[in-house]
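Trainee: Residue numbers (this note's numbering), protein chains in the order written: chain A, 1206 to 1414; chain B, 942 to 1215.
Derived by calculation from the structure, the hints in this document are not laboratory data. Certain hints may be false.
[What the hints assert, rightly or not] Here are the simulated SDA-like pairs of lysine to any residue, each with C-alpha atoms no more than 20 Å apart in a straight line:
#1 B/1006 x A/1374
#2 A/1387 x B/1103
#3 A/1329 x B/1034
#4 A/1374 x B/1033
#5 A/1329 x B/1167
#6 A/1329 x B/1026
#7 A/1387 x B/1033
#8 A/1330 x B/1028
#9 A/1387 x B/985
#10 B/1006 x A/1330
#11 A/1329 x A/1259
[Said to hold, decoys possible] Simulated DEER-style distance windows between Cβ atoms:
#12 A/1336 x B/1204: 48 to 56 Å
#13 A/1260 x B/1139: 49 to 57 Å
#14 A/1357 x B/1016: 28 to 36 Å
#15 A/1371 x B/1098: 36 to 44 Å
#16 B/990 x A/1336: 38 to 46 Å
#17 A/1220 x B/943: 30 to 38 Å
Here the structure is a predicted model, which means the values were calculated and not measured. Ideal placement from N, C-alpha and C gives every residue a C-beta, glycine not left out.
Each chain is listed here by its residues.
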Amino acid sequence: VLSRSEAELRAAFLAEVDRIPGGARLNECIQCGTCTASCPVSFAMDLTPRQVIGMFRAGAIEELLESRTIWVCASCYQCTMRCPADIQITDLLYAFKRIAIERGIFPDRFPVHVFAETFTDMVKKYGRNYETGLIIRYLLRTNPTALFARRRSGMALWRRGRLPIRPDKIDGIEGLRRIIAKAETFDMPQEVVARPKITDEVGYGAIGR
Amino acid sequence: MRAVFAKLDAELVELEDWNCCGATAYTSVKKTVAYAISARNLALAERTGDDVVAPCSACYYVLNKTRTRLAEVPELSEHVGAALAEAGLETDLSVEVRHPLEVLINDVGIDRIAALQTHSIAGFRPACYYGCQIVRPHSAIDEDPELPTSMERLFSALGASPVDYPPKVRCCGGMLVATFGEIAEQLCNELVGWAVERDANCIVTVCPLCQINLDLLSLNGGANGAPLPVLYFTQLVGLALGCSPEELGLEHGLASVEIAAPQLATTAHTGEPT
């Protein structure tokens, strides 16, 4: 029996899945594990892609939204291409990621979320990605000491002209901002459900160890 | 890249006022916005009447995904259309989005590129790296997505000696370099290590993000203590066609291209045909 919040999460996810062409194929999964074997980053996951699908079908949505798997996926599409049941695994993981972000299911100063937010701020501001500003702001918001630790690579890139000194703003920035504002009204409403913040205990901290 | 296309009588024009395609970061957060900003580029491109050539695998994939998804999902298409209307633009899905590798192979052809060669690149032993999104989930090049060979065919025809490189379609980690650096570093280490083991003296990529991720390793001495230059594939084509290292931007590489081609250091490319 699903708890109320799991039932609600499942409904939200199914609504997302419906918008993915072929999303209903999720039910065709034969748990063969080709996705896990093909995944170049499964070594850093707490749940393998195969387990993610199995757990979803078993109704363990909340647990799976708390796994670090959905954040570690590099969207290389190897699993999607090799899946014998033709399931769009990468896009399903994206859908889980969006739900977790909308519900605030991730630790404080969580790098993936901060990076995505900083990235979208840059696009809203300039219309293009301003790498130098992106990296500095992102590191300041997640791990300021890394700014110091990474100064060598930063300097090396800068010396070779790989980091722009100033942002490049597009002429149509006002129009782009109107497009973004309008499009935002169609995305799922931000309904942050009050729930205890998860901590590093779940395993986020163990990434890469 | 523009210099290389010019040598092949193909003119590349920068798309006026293009914006960021959104990449994977946007797709993770706001879906409609991700499609809408990508669709703005398609709408701008339609006015020029030209095809879009996207030199980054992620841009290539995101723009193409926008085309297919908007065609398949009426609700999404309606929303994106409404958003674009705010800036006086209309959704247009007729523009072809292509990758430069596919353009060189299919439109120009390996034979013609080889016929226009003026300089030898015989000393290069490239590991040809395709990475993810130009072969997956939809292959840009008409060949086996698990084992593409077009770069090998191209560079062999130009007299270089591509090495056998089994991990050619494995992932470099992409944006994980920013979020989970250790994971990306491990993937890149394996990719560069494999190239070193196969006796390559450079890696050739089809995506600037793969290029920078692999190149960053050289700051720590590279895999197995051997820094390898990492070139975008048109840079190596350009050397064969007689473009200068400056035109090709070779000085931007972290691992110097001289590791693969010592002659580029001393003669500074005289422009003399070989």
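Trainee: Each of the hints needs a verdict: does it hold here or not?
Mentor: Checked hints:
A distance of roughly 25 Å separates the Cα atoms of residue 1006 of chain B and residue 1374 of chain A; the hinted pair therefore is violated under the 20 Å criterion. For the hint pairing residue 1387 of chain A with residue 1103 of chain B, the CA-to-CA distance comes to about 49 Å; that exceeds 20 Å, so the pair is violated. Of the pairs offered as hints, the one joining residue 1329 of chain A and residue 1034 of chain B is violated, with about 24 Å between alpha carbons and a cut-off of 20 Å exceeded. Distance check on the hinted pair: residue 1374 of chain A and residue 1033 of chain B sit about 24 Å apart at the alpha-carbon level, beyond 20 Å; violated.
This hinted pair does not check out: residue 1329 of chain A and residue 1167 of chain B have alpha carbons roughly 41 Å apart, beyond 20 Å. For the hint linking residue 1329 of chain A to residue 1026 of chain B, the alpha-carbon distance of about 18 Å falls within 20 Å, and the restraint holds. With a C-alpha separation of about 18 Å, the suggested pairing of residue 1387 of chain A with residue 1033 of chain B holds against the 20 Å cut-off. Distance check on the hinted pair: residue 1330 of chain A and residue 1028 of chain B sit about 16 Å apart at the alpha-carbon level, within 20 Å; holds.
The hinted pair formed by residue 1387 of chain A and residue 985 of chain B meets the criterion: a straight-line CA distance of about 18 Å does not exceed 20 Å. For the given pair, residue 1006 of chain B sits about 25 Å from residue 1330 of chain A by alpha-carbon distance, which is inconsistent with the 20 Å threshold. Among the hinted pairs, residue 1329 of chain A with residue 1259 of chain A is inconsistent with the structure: their alpha-carbon atoms are about 38 Å apart, more than 20 Å. Between residue 1336 of chain A and residue 1204 of chain B the beta carbon distance is about 32 Å. The supplied range of 48 to 56 Å is therefore violated.
Between residue 1260 of chain A and residue 1139 of chain B the beta carbon distance is about 40 Å. The supplied range of 49 to 57 Å is therefore violated. The hinted range of 28 to 36 Å is not satisfied by residue 1357 of chain A and residue 1016 of chain B, whose Cβ atoms lie roughly 48 Å apart. Taking 36 to 44 Å as the suggested C-beta distance range, the pair residue 1371 of chain A and residue 1098 of chain B conforms, at roughly 42 Å. The hinted window of 38 to 46 Å between residue 990 of chain B and residue 1336 of chain A is violated, with their beta carbons roughly 31 Å apart.
Look at residue 1220 of chain A against residue 943 of chain B: about 45 Å separates their beta carbons, and that is not inside 30 to 38 Å.
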